[in-house]
Amino acid sequence: MNEEFICRCEEVTRKEIEEAIADGATTVAGVKKRTRAGMGLCQGRTCRRLVTQMLSKHKAAEQIMPDTSRPPVRAITVEEIINSEDR
Amino acid sequence: MQTSDVVIIGGGVVGCSIAYHLGKRGIPTHVIEKDDIAMGTSGACDKAVLLQSKNPGIHLELALKSVKMFPELQKSLDTDIEFLNHGCMIVIQNENQWKVMEGFVERQKKLGLDVKLLDKNEARDRQPALSEDILGSTYSPMDCEANPIYLTLGLYRGAKKHGVKFSLGTKVTGIKLEKGRIKSVETDSGEILCKYVVNATGVYAPTIGRMVGLNIPIVPRRGQIIITEPVPKLIHGGLNCARYITAKFRPELLGTDEMAKLGVGLALGQTENGNLLIGGTREFVGFNKTTTHKALKAILKHAASIVPAIKNVHVIRSFAGLRPYTPDGLPILGEVPEVPGFIMAAGHEGDGIALSAITGRIISEVIADGKPSDDLNIDMTKLSLDRFKNVDVNEFRESHNCYSFAS
Ligand SMILES: Cc1cc2nc3c(=O)[nH]c(=O)nc-3n(C[C@H](O)[C@H](O)[C@H](O)COP(=O)(O)OP(=O)(O)OC[C@H]3O[C@@H](n4cnc5c(N)ncnc54)[C@H](O)[C@@H]3O)c2cc1C
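Residue numbers (our numbering), protein chains in the order written: chain A, 1 to 87; chain B, 1 to 407.
One or more of the hints may lead you astray.
[As the list claims (entries may be wrong)] Think about it this way: if two alpha-carbon atoms lie no more than 25 angstroms apart in a straight line, the pair counts; the simulated DMTMM-like pairs of lysine to aspartate or glutamate are: (1) LYS301(B) <-> GLU79(A); (2) LYS165(B) <-> GLU16(A); (3) LYS261(B) <-> ASP23(A); (4) LYS301(B) <-> ASP23(A); (5) LYS301(B) <-> GLU19(A); (6) LYS24(B) <-> ASP23(A); (7) LYS161(B) <-> GLU19(A); (8) LYS15(A) <-> GLU61(B); (9) LYS289(B) <-> GLU85(A); (10) LYS161(B) <-> GLU18(A); (11) LYS75(B) <-> GLU16(A); (12) LYS233(B) <-> GLU19(A); (13) LYS311(B) <-> ASP86(A).
Calculated directly from the structure, the hints in this document are not laboratory data. Please read all numbers here as calculations on a predicted model, not as lab measurements.
Excised from the complex, chain A in its bound form (with noise of 0.2 angstroms):
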């Protein structure tokens, strides 16, 4: 049970996420910056919802502040976005 995957990118597990909890983690941001669960590839696509249940146990599920979003949403190269269009 503790050796399953929440952030398969970067193979954080589900103890690894309680003992972020444990240590004081209170949003998904927190989490993150513990474990890097939503740091990978991905960028938290699939374990964000996961995290946020397993924070709602500890915390109403209003409190559980959003995570930040980041652009780019999907990866693009260094070199497309030096010859993209001015915004």
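Following the hints, complete the assembly by docking chain B with the ligand onto the known chain A.
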């Protein structure tokens, strides 16, 4: 009502380092953090523990003393802070920069920094990914790095182990004085009686200062950073460019084009996992923490002119952090004589990770012994709030696009 000898406001790298040192001295300490550990600037920054980016003078002296403390931290903290001593190069792209860096390096050497200039071939031997078009670089084997988030968390856990109390998710809303001296700190979940208050709130320090009638000259200086997918080893040690040094200390010399306005200068490194961290900018935009397409594009264009191989790498994320900037770029440290018991520890600009260790030691000694120990040999007047007594703080804030106080 709760009591504690010391209340530290702010759970960033600075507050946690001070807490760790006070905890080790056995001084009752309570840290109040409105969000969570490393959720402010200390969680939105780079990993350099650099000496080369420090101005020759007290700035470099502080950094030299701070860096010496890191190996011990790596050993004694239970968290791996990923401290590495693997050197850094500052890339030089034209003759003008060469002249500036020549002088800079000479002055740094006099203070004991092991640093030298490399010609193009020497630079490319050391860092094969560098472009053919560079002129040369500097190199210092003394530069280091550490993981800023793990460092902050490690100091937090170390402080807790030494008995320091932490209230996370708790906001300081006021400070009470009695006969002009610190009496207590009010938070959104109660009041704490104390003898000392440490203002370690980074860019928020002016808001806390106002609670005791002080006008503190600190404004946010935004930095944007890009993170790429993991790639095989490309960058060895730290890599900055001469523009970075200019953007930090003399931005007016960069000119007036878009890149200059954004304060673009290269800060490039690769993590253990292989991700590239590509920075960055230096912008005065108040408390705005968003990233902008314009800046990301300018950062990447500049970075690719120095390391062309990054062009084909995928970007996965970007973020921005706010450096706490003071009029002379140095932190404000020490007790404020007008408000006995009120201690400043903020304004570390782009150096808070590197200077966190020495700041923790200085402030803990100021509290425990009344002043930093003689063997540290630090001229505290150069770091005092009082050094800005002739600065028009409101004018400083407004000329740096800071029109509000963060709540
Ligand atoms: C893009 C970028 C790159 C950088 N790269 C480097 C680098 O490579 N090397 C280096 O040495 N430095 C670097 N820095 C600088 C470094 O990040 C900062 O100097 C350092 O993090 C400042 O730490 P701090 O503890 O003072 O502030 P913070 O980490 O911001 O901590 C202040 C804390 O105070 C809390 N707070 C505020 N108000 C209240 C209140 N009323 N009640 C309770 N809590 C409150 C906040 O929530 C926050 O957590 C960089 C900065 C940026 C932006």
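Checklist entry - Among the hints numbered above, which are violated by the structure, and what are their numbers in rising order? => result 3, 4, 5, 8 and 12
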